[in-house]
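> This is what each chain is made of:
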Amino acid sequence: MFQKKWCAAALAAAVFPAYAQDATTREEVRQLKQRVEELDKRVQDAENAATQAQAQASSRPQSESAFNPAVSAILNGVYSNLKQDPNSFRINGFVPTMGEVAPPPRGFSLGESELGISANVDHLFRGTLIASISPDDSSVDVEEAYIQTLALSHGFSVKAGRFFSAVGYQNQIHAHAWDFTDAPLVMKAFLGGQLHEDAVQVKWVAPTEFYLDVGTELGRGLQFPAAPASKNGAGSVNVFTNIGGDIGPSLAWQTGLSYYQTSPTDRAYDDPLNGITNSFTGRSKLWALSGVLKWAPNGNNTVNNFKLQGEYFKRKEDGDLTFDPAGAALTDGYKSSQSGWYAQAVYQFMPQWRFGYRYDELSSGTPTIGLLDSGTLAPADLPILAEYKPKRHTAMLDWSPSEFSRVRLQFARDYSRMGEPDNQMFLQYVVSLGAHGAHKF
Amino acid sequence: MKWLIALFTIVFSTATPAAVNVFACEPEWAALAQELGGDKVSTVSATTAFQDPHHIEARPSLIARIRSADLVVCSGSELEVGWLPLLLQQSGNGRIQPGSPGYLEASQFVVKLEVPRVLDRSMGDVHPGGNPHIQTDPHNIAKVAAMMAERLAQLDGANAATYRSRAEAFDKRWKEAIARWEQQAAKLKGTPLVEHHKDFTYLINWLGLREVGDLEPKPGIPPTTSHLAELVQQMKQAPAKMIVYSSYNDPKAAQFLSQRTGIPSVMLPFTVGGSDRAKDLFGYFDDVIARLLAPLQ
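Residue numbers (the working numbering), protein chains in the order written: chain A, 1 to 441; chain B, 1001 to 1297.
Okay, chain B solo, but in the shape it has when bound (with noise of 0.2 Å):
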């Protein structure tokens, strides 16, 4: 009996968290949580900016992960839909169901592009709810913001003024970056560009680029080489200004591009974490603006 007792003492102390537990899927909302949390919040991200996160493993680390959040934030929209919902059967954590306050999806709270009308598998990897990569916009980090310190709020009430005024803060920061990326993106608008995948169709809305064409043939088929040939056909009628892919995709398809058009190739950093300057939220936007206005220096 008294080993039992000691079993129990050790398992759920352990289990017992010193700061809100927050899974995130991705590492934006993870540097999200951190920003809005401070040392209040221990955040976990489950993918970094060189997964795809279509494609990820429902591995044992990473139930062993969520089984101990208190808060789970994810883009949703599909997304993650071939592996998350198998991470919350198996968690046994009955406080990140769906439905809880525990569950956040970033991409309920924003409005979503590319929402496709009619849904056929055969137009390739489509998602009913709309496109999911949000993060590229920051008025969508900034809604996502209030709605996460709200939450993080409801699950820590004796935080809960911490949260919104650290909320209040980042947003005041987070509008002034904003002026100033806009004021150093001016010059981007109307630039045509091709994309490796539909990851960048919220920053190019934002920013007023114009994406002419797409490396994979349909989403998530990988580029093949009778479409790239037409891409090049393509490129030599109406030059794009640059051809971008992000940190997780392959550059193969990119440069191959760019070797026959001579059209540069720029990878841009997926989230936070893609590249050296993009350590959190404020240095993933100044580098992937920084990026975007290279090759028109």
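Extracted from the complex, chain A is given alone in its bound form (with noise of 0.2 Å):
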């Protein structure tokens, strides 16, 4: 076969000298076309890895501060005007969280100022402390302090440590990134403002194609609702699961219901309406409904976005209620169902520019109060508890020149104290230094 071919190329040469010599001129081209291309993949393997070499020696560390974890401050401050003095604010018809549900002080005044730090912590965790300072008595409170897990798989997470707990929606997440300046009624009455819990938390998220996660959190029972209380076992138990997806590529939602439950002993609060301390014992439970709907042309949010958001909030509560327990120190049952929500819209109309109004609205119900039902006390002793549905109306206009930015007015008419609305107006700057975070959807 070779041969015949040899034979025919000898003989190709011999009848077609010319014809031969360009064969063999084709072949040494042929050839050194390959050693060229051969020369050029080694050039382009040299220069890859010669890329690959750069890209890694400045990604070295230079020193052991390389290693300094993300690093992030806010401020903010925000000048109020109210009509009520915040130092009367009350929510009418609720038990008094003893958390900082009031309104700023009147005029100007600094906010709680934010400090973040975050890294991995090795290949299997990671670390997040937030610690937030108080410009009143300078002290410094730790907001969030947990590690997570990175390595684990199946959609498993675990999180550990202090955090926000995962009770509806707008809780586990962080007031600077607020869309208004306050929390929203329900949280201030449920919650405490916002609940921060000592606990572990295991999540799933499911391998579906719409996104599905359930989890729970076992806790300390670190504030209100719970109480806390000595012992071993959890002394808060929330569960959760929430959906999202997508609607088109200019629709995303996601709804979230979680389950909090907690048995408090001696829970005490002080009635502002009289003075008088009280106490609960017995058993809270919370349910929390909530929605979040974020639209964008084509997904494009830097022009024209929307972002509807509410929440509903039940809680049950069963037990005793013990009045005045260092005086008189009466005990009775106490039974109380009650339920809010709120909902609200937030506009970007232009670039940098967003209006948005909320509403809120509570309902205390009617408890059933042994001490009042017997006669033993009269309604009088017990004001913060009677009967009210605490309403109130938000606006707000904000501007943020950059995504580290943002400057807000707004105003509110709020119904939190029996006949006594409020009209409140607050000029609010929060910023952000250092580290880039990322936003929570």
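Derived by calculation from the structure, the hints in this document are not laboratory data. There's no promise every hint is true.
Straight-line Cα separation of at most 25 Å, PhoX-like style, residue types lysine-lysine; simulated pairs [to be verified]:
(1) A/K314 - A/K389
(2) A/K335 - A/K389
(3) B/K1236 - B/K1218
(4) A/K41 - B/K1172
(5) A/K307 - A/K391
(6) B/K1172 - A/K33
(7) A/K41 - B/K1175
(8) B/K1241 - B/K1187
(9) B/K1189 - A/K33
(10) B/K1189 - B/K1236
(11) A/K389 - A/K83
(12) B/K1241 - B/K1218
Fit the two chains together into the complex; they arrive one by one in their own frames, and the hints show the way.
Spelled out as structure tokens, the structure:
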């Protein structure tokens, strides 16, 4: 076969010398071409190796400080103009949470400054610390400090430490990222502002096309609606689930349901209307249903976007109410079923500018209070628990020159206090320094 | 107990991938994975050419997708810093965390431009690692392709030979295409242009274009009227040949400057999918070059 070819070639060479020469040249050219290609490839490989080396070299730590975690600080300040004295703030019809739920002081005031530090601990864990520095007494509070797993698979993740509980939607978002200056009334009345727990959270994300997660939190019962108890078991239990997805390229949604349960012992509150301290011992259950819908044309939120958000809370408490434990110390049954909701819409009508409106409503219902039913006490002895439906209208306009700064003007008409509606005006700035944070949906 | 087993069977059988699941942050990397993997990969892109990759919501649907990903490919250089870390943390997927073979940051393998010497937020939204929009230079695509093929081969050893041979074939076609594009675009060399955002730095560098202004006063800060007025003055003295903006930019500023100065405005697809012709990587550069040449005709 080869012989034949060679014979043919030789014959051809003899008969057509020019052609044969041409053939050798072509062969030479082919060989040269191949060689050039090989060299080219070697150069390419060397180049690739060099870029890789360069990339690695440039990201190689130069000193110990190269492992410094991401650090960020949030600064915020507000000017408040309030018709009612914020010290008299209360939500009529609801057990005071003893949390920070009052509006900021009148006039100029510095809000809480936040310091955040986060980094991967190692290949298994990530750690986050967020401390808030209170401007009044210069105390530093641990807002969040937790570790979370990185390397678990099959959709599982575990979080441990102090963090915002997965109760409803807005509770899990830091105040600086809220769309309004203050919290919805449901959070003020049912969570004492914002609920954080010393807890362990296990969450599982389902392997589905749409988003589905389920999770649970076992906590210490750090704050209202729990009361710190000295026990080895969990002071609070929360279970939650969220589903979400997209509707075309422009709409994204998420809805969640959570159930939180705790059994506080001697959970004390001061009645702001008569100054008497009372306490509750029993069981507290809280359901939270939340929904968020975000719209942006083609999913591009830079020019226009719209966000609709709402939550519904329902709480049932069943146990004993002790009137004035330090003095009269009268105890009898207490049972309540209370609820509340809010809905808010925020529209970015041009780059950097947004306006929004929020409506809040709570329903105290009529609690069954044994001490009143038996005639031992008169309703005037427990004035804050008298039936009431607090409401609030809020409107805001904000301007965000960049991702890192925001100036907001907000007006509210607040009917939290029975018979004393409050007109509230806030002018607020919120800025973030340092590491670029990522925000939850 | 039976229902529990049934549930687990459903859950984990759907979790078993038929192909390598590639989650691309941007469409160009999904398109590249498709070129290299063919039917051995299933790709999804978190964003489109009509979205600003700096500002993406960490949507539930994205968490659902990244949860089952085997390989995450992103531009990196802090482009996705506002949303990707959150997706990774929420995914419950240990295979795609930074540092693992399932995480590929494309910009690590190219020489980056506009690496800032000084970092300060007063300079706008600058990226410490350099300009992240590396996809507009086809030479960068070639470099990333080589790395991505190796990564696919590593993750899916059974099909390693397929990825390598497809990568070789792609590289050959790509180099031919680059030669064609460079020839077509030769007359663009030195052409002065105004850009909306620094989206096309690598394209400008590749083709030897000359950027003489930005519509954004500072990177990431939307155009202001005062800045546009300055540009109008500047264009009167030294006119550019065109004003380019990308498929995700608001065209208003470019159109405004175009009307005031008579300089044509040109929409360039930001990436694959940004125009009818930009259906894949080849079509993307075909279209970009055709659109750049159009005002010179």
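> Give a verdict on every hint.
Here's how the hints hold up against the structure:
no., hint, verdict
1, A/K314 - A/K389, "holds (14 Å)"
2, A/K335 - A/K389, "holds (18 Å)"
3, B/K1236 - B/K1218, "holds (22 Å)"
4, A/K41 - B/K1172, "holds (11 Å)"
5, A/K307 - A/K391, "holds (22 Å)"
6, B/K1172 - A/K33, "holds (14 Å)"
7, A/K41 - B/K1175, "holds (12 Å)"
8, B/K1241 - B/K1187, "holds (13 Å)"
9, B/K1189 - A/K33, "violated (30 Å)"
10, B/K1189 - B/K1236, "holds (22 Å)"
11, A/K389 - A/K83, "holds (20 Å)"
12, B/K1241 - B/K1218, "holds (22 Å)"
When the structure is compared with the earlier hints, a violation turns up for hint 9 alone.
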